[in-house]
Every structure is written in C-alpha cells, then in structure tokens.
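Q: In case you want the letters, here they are:
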Amino acid sequence: MTVKLTDRMKAWVKIGCHLNVATKSGIPFVTVSRNVKSVSDDEVVFALSQDEYSVIKSALSENPWVAFGVSRAGGIRACYQFKGKGTVNQEGDIYNLKVKISELYCTKPGCYAGQRLDTKPAQECEEWEHGLWTDLPK
Amino acid sequence: MVKLTSEMKDGLRVPGKGGSLVYLATSSIDGKPNIAAMRYVDSYKDDKILISDMFLLKTKANLKENPECIITICHPMDSGRDWVFKGKAIDIEYGFPPDFDWYGVKAQEILDGWGDWHHKEPPDEVPPDVVYSKPAQRGVVVLHVEEIYSIENGKVGEKIQ
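Those protein sequences? They're chains X and A, same order as listed.
Quick note on numbering: my numbering labels position 9 of the first sequence as 9, and the sequence is numbered without any gaps.
Quick note on numbering: my numbering labels position 141 of the second sequence as 279, and the sequence is numbered without any gaps.
Everything labelled a hint here was simulated from the structure, so no lab data went into it.
Do not take every clue at face value.
No farther apart than 20 Å at their CA atoms in a straight line, the calculated lysine-lysine pairs in the PhoX-like style are these [as the list claims (entries may be wrong)]:
| # | chain 1 | residue 1 | chain 2 | residue 2 |
| --- | --- | --- | --- | --- |
| 1 | A | K293 | A | K272 |
| 2 | A | K147 | X | K57 |
| 3 | A | K170 | X | K57 |
| 4 | X | K57 | A | K293 |
| 5 | X | K138 | X | K120 |
| 6 | A | K202 | X | K24 |
| 7 | X | K24 | A | K293 |
| 8 | X | K85 | X | K14 |
| 9 | X | K100 | A | K202 |
| 10 | A | K170 | X | K24 |
| 11 | A | K147 | A | K183 |
| 12 | A | K258 | A | K141 |
| 13 | A | K183 | X | K98 |
| 14 | X | K24 | X | K57 |
| 15 | A | K170 | X | K85 |
| 16 | X | K4 | X | K24 |
Remember, predicted model here, so these are calculated numbers, not experimental data.
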C-alpha cells in the first residue's frame with residue numbers, strides 16, 4: 001500500500017506525538033516526542049531528546065515497528081494511528097527517529113474505528129477525511 | 139507494589155469529569171505495537187485502571203494473546219499528569235465467569251460497576267463530530283499496574299513507582 005498523509009494529518013502530527021514500540025516478544029514502551037523535525041507524505045522524523053529516546057532505545061534496537069498517535073488535543077481531534085518502521089540517526093545530543101509509515105488507521109470512535117486509510121486512493125482518503133473534519137491545531 | 143496516588147486517580151477519570159484523555163498501548167505477541175486514545179477511564183482500588191471496551195479491535199486482539207499493556211496521559215500534557223502506567227491487562231467481557239480473578243479483582247464486581255459505562259457517565263463533553271451514534275459496550279479492560287514512569291519534559295522514563 002502507498003501512504004500519503006493529508007495536509008490535515010501533517011499539521012496535527014507536527015504538534016507532537018505519543019510513540020509506542022515493543023520488544024520482539026511484545027513488551028510495549030511508550031515515549032513522547034515534543035519536537036517533530038519534519039513530515040513528508042509518508043515519513044515523519046521525531047527529534048528525541050536523550051530521555052525521550054532512552055525509554056525506547058532497547059526495544060527499537062531489536063524491533064523497528066513504531067505506532068504513534070497525536071498528543072494533546074490530537075488524541076480526540078486527530079483520530080489517526082500511524083504505523084511504520086523506524087531508524088535512528090544521532091545528531092549531537094538529539095536522536096532523530098525517522099518512521100517510514102506503511103499503515104494508516106482511523107481511530108474515531110464508532111463505525112470508523114479501525115478503518116484502514118492507506119488502502120484508499122489518496123484523493124479518496126482526503127475527501128473522506130474532509131467529510132469528517134477540517135479543523136487544524138490551534 | 140504500586141499504589142496509585144489520589145492525584146493519579148483524579149487525573150485518570152473521564153475528561154468531562156475532570157480527568158484526562160489517555161492512550162492505551164498494546165502489542166501483538168510478535169512485537170507489532172498499537173496505540174489508540176480512550177475516554178472512558180477510571181481507577182479501581184490502588185493498582186487497577188479500567189477502560190471501557192466499546193470499539194476495541196486490534197487492542198482486543200492483542201490483549202487476547204499478550205497482556206502487556208501501557209496506559210498514559212494524552213491530554214492535558216505538561217500539566218503535572220505526566221504518567222505512564224505499565225502492567226498486565228485483560229478485557230473482562232460479558233460471559234466471563236463471575237468469579238474470574240484478575241490480580242485480586244473479580245469479573246462480576248468490574249462488570250457490575252462499569253459494565254454500562256455510557257449510561258453511568260454519558261459522553262456529554264465529546265465534540266459533536268467525534269461522538270458516536272450508538273455505544274455497544276462489550277466489556278471492561280482492567281490494567282493491573284506494576285510500574286509507573288514519567289513522561290514529564292526532561293524526565294521521560296524516570297521511574298515514579
């Protein structure tokens with residue numbers, strides 16, 4: 001499948017995200033990223049501080065899968081879940097976690113919960129989203 | 139042994155009652171993570187967190203094969219509620235034997251107290267474009283908390299309990 005984040009998704013992701021990673025045997029670890037370095041159509045780079053990275057370092061070293069959702073009001077206003085594989089590049093005391101998104105889900109409570117969005121053509125996905133929400137983060 | 143503080147218990151209630159929006163994070167047994175926001179949240183006794191099972195899909199599938207689970211505060215952040223609760227969870231669904239025990243709590247007491255959450259605490263604070271048309275609760279997720287760490291800015295990962 002091809003992922004193409006909409007402009008609304010990109011805008012919300014930029015406010016920061018909660019990231020979940022797991023060991024190969026399924027033990028989860030959650031960290032937050034308050035600084036999002038860049039967002040493209042299918043990639044997000046999180047600029048993690050030492051402490052933010054330390055929580056996920058061990059699990060990420062054995063298993064690249066990352067699932068994330070938007071922090072703060074995005075938890076209710078930006079009902080998306082993003083999944084992909086991550087790689088880390090250290091830049092001074094910042095750890096840049098680049099996630100190549102391969103799966104995209106709607107998490108709106110109700111009939112759309114769990115709806116996979118990356119299976120829709122990009123324009124259809126954008127029109128579908130526009131029918132539900134148009135608001136951007138303040 | 140973990141003991142939730144009164145501040146944590148207050149912070150974990152449903153948002154409209156002064157609580158927080160939370161993220162529920164799980165993983166498949168082979169390590170594929172999942173994270174989804176939840177609004178029906180409560181604490182029980184000193185080491186349990188409860189979440190309504192209304193629209194759980196991947197979360198439910200994950201918990202059926204792997205109880206490792208995290209609940210963390212999503213909103214508000216950076217307001218003193220910067221907690222991550224880690225432990226083992228189960229989805230106590232209708233049909234469980236009433237005396238089924240999960241780390242000291244019985245299925246019946248959980249379902250009697252929180253099995254009809256929508257009527258107990260109607261979601262009147264949820265924005266109209268996010269509210270759902272018909273709730274269909276199937277059970278209650280019970281997290282037995284074994285560890286608490288911080289996501290406070292500058293202190294992420296520091297163990298609280």
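Q: Tell me, in ascending order, the numbers of any earlier hints that this structure violates.
A: Hints 1, 2, 5, 7, 9, 12, 13 and 16 are the ones this structure does not satisfy, whereas the remaining hints hold.
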